[in-house]
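There are 2 protein chains.
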Amino acid sequence: MFESAELGHKIDKEIYKKAVPELRAWLLDAQYELKEQGKIPVIVLVSGQDGAGKGETINVLYEWMDPRFISTLAFSAPTDEERQRPVMWRYWRALPPKGRIGVFAGSWYSGPIHDRIDGNMTKAGLDARVDQINRFEQMLVNEGALILKFWFHLTKDGQKRRLKALEKDPRTAWRVTKWNWDRLKTYDKLQDVVGHVLRMTNTPWAPWIIIEGEDDRYRSLTTGKILLDAIRQRLAGTSKQTTPVAPPVPVNLDGRDVLSELDLACTIAKKDYENQLAKWQGRLSELVRDPRFKQKSLICVFEGADAAGKGGAVRRITAALDARDYQIVPIAAPTEEERAQPYMWRFWRHIPRNGRVTIFDRSWYGRVLVERVEGFCAEADWLRAYSEINDFEHELADAGAIVVKFWLQIGKDEQLKRFKEREKIEFKRFKITDEDWRNREKWDAYHSAICDMVDRTSTGNAPWTLVEANDKNYARVKILRTVCERLEAAFKSKDKTPD
Amino acid sequence: MFESAELGHKIDKEIYKKAVPELRAWLLDAQYELKEQGKIPVIVLVSGQDGAGKGETINVLYEWMDPRFISTLAFSAPTDEERQRPVMWRYWRALPPKGRIGVFAGSWYSGPIHDRIDGNMTKAGLDARVDQINRFEQMLVNEGALILKFWFHLTKDGQKRRLKALEKDPRTAWRVTKWNWDRLKTYDKLQDVVGHVLRMTNTPWAPWIIIEGEDDRYRSLTTGKILLDAIRQRLAGTSKQTTPVAPPVPVNLDGRDVLSELDLACTIAKKDYENQLAKWQGRLSELVRDPRFKQKSLICVFEGADAAGKGGAVRRITAALDARDYQIVPIAAPTEEERAQPYMWRFWRHIPRNGRVTIFDRSWYGRVLVERVEGFCAEADWLRAYSEINDFEHELADAGAIVVKFWLQIGKDEQLKRFKEREKIEFKRFKITDEDWRNREKWDAYHSAICDMVDRTSTGNAPWTLVEANDKNYARVKILRTVCERLEAAFKSKDKTPD
Numbered sequence: 001m002f003e004s005a006e007l008g009h010k011i012d013k014e015i016y017k018k019a020v021p022e023l024r025a026w027l028l029d030a031q032y033e034l035k036e037q038g039k040i041p042v043i044v045l046v047s048g049q050d051g052a053g054k055g056e057t058i059n060v061l062y063e064w065m066d067p068r069f070i071s072t073l074a075f076s077a078p079t080d081e082e083r084q085r086p087v088m089w090r091y092w093r094a095l096p097p098k099g100r101i102g103v104f105a106g107s108w109y110s111g112p113i114h115d116r117i118d119g120n121m122t123k124a125g126l127d128a129r130v131d132q133i134n135r136f137e138q139m140l141v142n143e144g145a146l147i148l149k150f151w152f153h154l155t156k157d158g159q160k161r162r163l164k165a166l167e168k169d170p171r172t173a174w175r176v177t178k179w180n181w182d183r184l185k186t187y188d189k190l191q192d193v194v195g196h197v198l199r200m201t202n203t204p205w206a207p208w209i210i211i212e213g214e215d216d217r218y219r220s221l222t223t224g225k226i227l228l229d230a231i232r233q234r235l236a237g238t239s240k241q242t243t244p245v246a247p248p249v250p251v252n253l254d255g256r257d258v259l260s261e262l263d264l265a266c267t268i269a270k271k272d273y274e275n276q277l278a279k280w281q282g283r284l285s286e287l288v289r290d291p292r293f294k295q296k297s298l299i300c301v302f303e304g305a306d307a308a309g310k311g312g313a314v315r316r317i318t319a320a321l322d323a324r325d326y327q328i329v330p331i332a333a334p335t336e337e338e339r340a341q342p343y344m345w346r347f348w349r350h351i352p353r354n355g356r357v358t359i360f361d362r363s364w365y366g367r368v369l370v371e372r373v374e375g376f377c378a379e380a381d382w383l384r385a386y387s388e389i390n391d392f393e394h395e396l397a398d399a400g401a402i403v404v405k406f407w408l409q410i411g412k413d414e415q416l417k418r419f420k421e422r423e424k425i426e427f428k429r430f431k432i433t434d435e436d437w438r439n440r441e442k443w444d445a446y447h448s449a450i451c452d453m454v455d456r457t458s459t460g461n462a463p464w465t466l467v468e469a470n471d472k473n474y475a476r477v478k479i480l481r482t483v484c485e486r487l488e489a490a491f492k493s494k495d496k497t498p499d
Numbered sequence: 001m002f003e004s005a006e007l008g009h010k011i012d013k014e015i016y017k018k019a020v021p022e023l024r025a026w027l028l029d030a031q032y033e034l035k036e037q038g039k040i041p042v043i044v045l046v047s048g049q050d051g052a053g054k055g056e057t058i059n060v061l062y063e064w065m066d067p068r069f070i071s072t073l074a075f076s077a078p079t080d081e082e083r084q085r086p087v088m089w090r091y092w093r094a095l096p097p098k099g100r101i102g103v104f105a106g107s108w109y110s111g112p113i114h115d116r117i118d119g120n121m122t123k124a125g126l127d128a129r130v131d132q133i134n135r136f137e138q139m140l141v142n143e144g145a146l147i148l149k150f151w152f153h154l155t156k157d158g159q160k161r162r163l164k165a166l167e168k169d170p171r172t173a174w175r176v177t178k179w180n181w182d183r184l185k186t187y188d189k190l191q192d193v194v195g196h197v198l199r200m201t202n203t204p205w206a207p208w209i210i211i212e213g214e215d216d217r218y219r220s221l222t223t224g225k226i227l228l229d230a231i232r233q234r235l236a237g238t239s240k241q242t243t244p245v246a247p248p249v250p251v252n253l254d255g256r257d258v259l260s261e262l263d264l265a266c267t268i269a270k271k272d273y274e275n276q277l278a279k280w281q282g283r284l285s286e287l288v289r290d291p292r293f294k295q296k297s298l299i300c301v302f303e304g305a306d307a308a309g310k311g312g313a314v315r316r317i318t319a320a321l322d323a324r325d326y327q328i329v330p331i332a333a334p335t336e337e338e339r340a341q342p343y344m345w346r347f348w349r350h351i352p353r354n355g356r357v358t359i360f361d362r363s364w365y366g367r368v369l370v371e372r373v374e375g376f377c378a379e380a381d382w383l384r385a386y387s388e389i390n391d392f393e394h395e396l397a398d399a400g401a402i403v404v405k406f407w408l409q410i411g412k413d414e415q416l417k418r419f420k421e422r423e424k425i426e427f428k429r430f431k432i433t434d435e436d437w438r439n440r441e442k443w444d445a446y447h448s449a450i451c452d453m454v455d456r457t458s459t460g461n462a463p464w465t466l467v468e469a470n471d472k473n474y475a476r477v478k479i480l481r482t483v484c485e486r487l488e489a490a491f492k493s494k495d496k497t498p499d
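Keeping their order, the protein sequence lines are chains A and B. Quick note on UniProt numbering: the first sequence kicks off at 1 and runs consecutively. Quick note on UniProt numbering: the second sequence kicks off at 1 and runs consecutively.
By construction, these hints were calculated from the structure, which means they are not laboratory data. Among these hints, one or two may not hold up.
[To be verified] Covered stretches of chain B, going by a simulated chain A footprint (3 or more residues, C-beta under 8 Å):
#1 86 to 100
#2 342 to 348
#3 385 to 395
[What the hints assert, rightly or not] Listed next, with one range per pair, are the computed distances between beta-carbon atoms:
#4 B:GLU338 with A:ALA380: 31 to 37 Å
#5 B:GLU379 with A:ASP29: 35 to 41 Å
#6 A:ASP80 with B:THR177: 51 to 57 Å
#7 B:ALA278 with A:ASP80: 33 to 39 Å
This one's a predicted model, so the numbers in the text were calculated from it and none came from an experiment. Beta carbons are placed, not taken as given, at the ideal position from N, Cα and C, and that holds for glycine.
For reference, chain A alone in the conformation it holds in the complex:
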């Protein structure tokens, strides 16, 4: 979920200075219209890692808007009064009335996340709280609220850098305590828990907005723009919102995203390729014969641009496997039988039993890629698909499946070259159709859809691996290595279903 927020986003000082006055004017306008109309309470959760700029962002919002109609609610340990009532009571008391903006510094998420990290809450207990939160937020949205949940993210190094910078500056040094540095030690644990909680509460009615926290200008500008867009969109809406509140929001104001950051020039020398291929295929073939694999299964998902080399990569995997142990499932248009069932049915039927491998050549991600881009399904349907997919993969992982997902990316030029080659070579001509040429025209729409897909469905249990595939050999080695590493990690991890 944090992929897009680990790219080192930055906004130039000049660009920032030019953008802010306009944004401020618009935000003020939106705020007054909100107040005038008096129908929508806006609930803004400002959360994230220590040092990721939560306080700074709140200050900027106050500076940019009219502070008389914003209230900030900060929550730390509950008071006496609060401890003697249901946990949600303190938040109910703090809800902003219609027409106002309530900024929550620390929210109903803080308690469960920290209790879980400190070991004071079981995984199932956490899930129950998460469910309660989802119901609470759904009720608020049904009552007309606009909920914006910001999570400011830092990489581990980024967090170190931020804490050091804060400590160095005498104006902010007081904010960095031993406690913060101790927390840095539990970075991975926090990421684990947060990743889970954010995934489970990434609902269509109140999705998370994850923003990289390191660069002040990027963070402030992005937060401001998203807030503005969301308020405008709701003000323009004729009635209160019930179903999907929020199509994915772009967080790439600086033009950088997970795809643009790939170095497609990566290559591997032929000799090296042959050695590596042999090495990883050998390793894979050992791993699937390992007795520990009897309690696991392997599910590989291949998605990628047309002509990105999915088929070739799949064959390099299956070369290491016994034909009795694996199944390749190519996903094309659904059969009649499949059309008579829920969308996910045709994937469920191919789930391998323990000790087996299933390779999906294209997959359930069709819904948020081709179906979204081509308009084959309603917006509400592909929007709800993200969480349905996450649920599905979560269930697979819980049952012991290792889910490895690849996106194969090639450059637009490289694709053109491959298309033309395919047209020339007789036995490859079946591989290139008019549809491929048409898809190519939608390159940019696919680009956004892929970035959203990675942000919303790359989870701790089932992360995406983006593969630089201009060099087919490089791609194949990376894929084989990733599969092997995921298997090894799964064998090592003791708790299949931690509780």
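With chain A fixed as given, assemble chain B onto it according to the hints.
This is chain B only, laid out in the frame that chain A set:
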């Protein structure tokens, strides 16, 4: 939740014989139209207690409809194949295609319920499964399915009678095993767990239908009619259903319901009343001074027909309390401040801290009573209110609050008598308004709304007490006694939040 299914519902043989042929013809029609249209899969869960007629009902449905387009899926212990895959895989495999009816004998509910009863699952673990089930069913409904979840209920005595009857009949004796009799011993435990699971999964998109199981004719006819109505309603709908699928379904084919069963002739002699009043007021005053009450709070809710005697009953409670320890919250039209907040906000703000008492004279139930009947809010809003209210009361109970809810019922004649008296007595005239006369005209609409309210919101944590209030003194004693008994029970129960 089981109130309406404990009234001893029965259908006459003659009435049944007359009703069945027509129902069969309609069901067949509906089934063919369903198949013809080929858009809606119908998923029928047949669940309930041992001996409550699950098997019989399935057989009747087969007899009444065309068995070629129904499939029955029975699930017991998972097979080898199933154990090696996610728990939901077996159910995915069994889903009926569009246009067909799939009857599930045993379903995704059976496993979690039994694991919890047998102590193989924590409460939090159960809640996580419940959440997963809710997401699964929501996905099915979003994909166009119609889900009907039947729960056949028996009282403890009813179950004993049914098992004996089955054992006596040589044709059915084989079905009753030692296991069934053993299960009877865990009746209360089962009811506890089932009550919780049903409440948590009583979603607007797939609500439970609870039917008394003892009388074969009543059970079959009710099930058949509800199935028919639901299919017809969906076929008539222009598009697939997203929001509320199901307004409450009437299960009183024999004209009996929780209100009609009240014996309004109950009275208490004057002398007896005085003794009892003194006794229970004394007891209450002891109980709220008990050190154990320091960890608890008491929330009393009074709802009832106009002139049913709410005010008088409240005064009999407060007479036993210290004015510093309680607060009476009369609920009338919301203030401006309250209107700017979510519906439940104005109740949250009055939640007592531990050691205190809050008495609500009318309450959050306004939404499913007056607002529903008068059309003050949209159907979707009062439909979602049932589960919001249950969530709310569940949170209160989790935090140690004892929630005691009273519905005061008087007869229509008695109400008329009291209205006229009020008009005559000068100091009571403010208590009778034109609105009271208008409400009286909607007696029947209120009657249905009250029955639905009791069925949907009487939970283990916060059950309704229906009070026969034609005799004010009788009502007051019953109310005081109930409050005392609930406090005593809460002090005795050790596990505040069982885990």
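Report task. Identify every previously stated hint that the structure contradicts and give their numbers, smallest first. Result -> none
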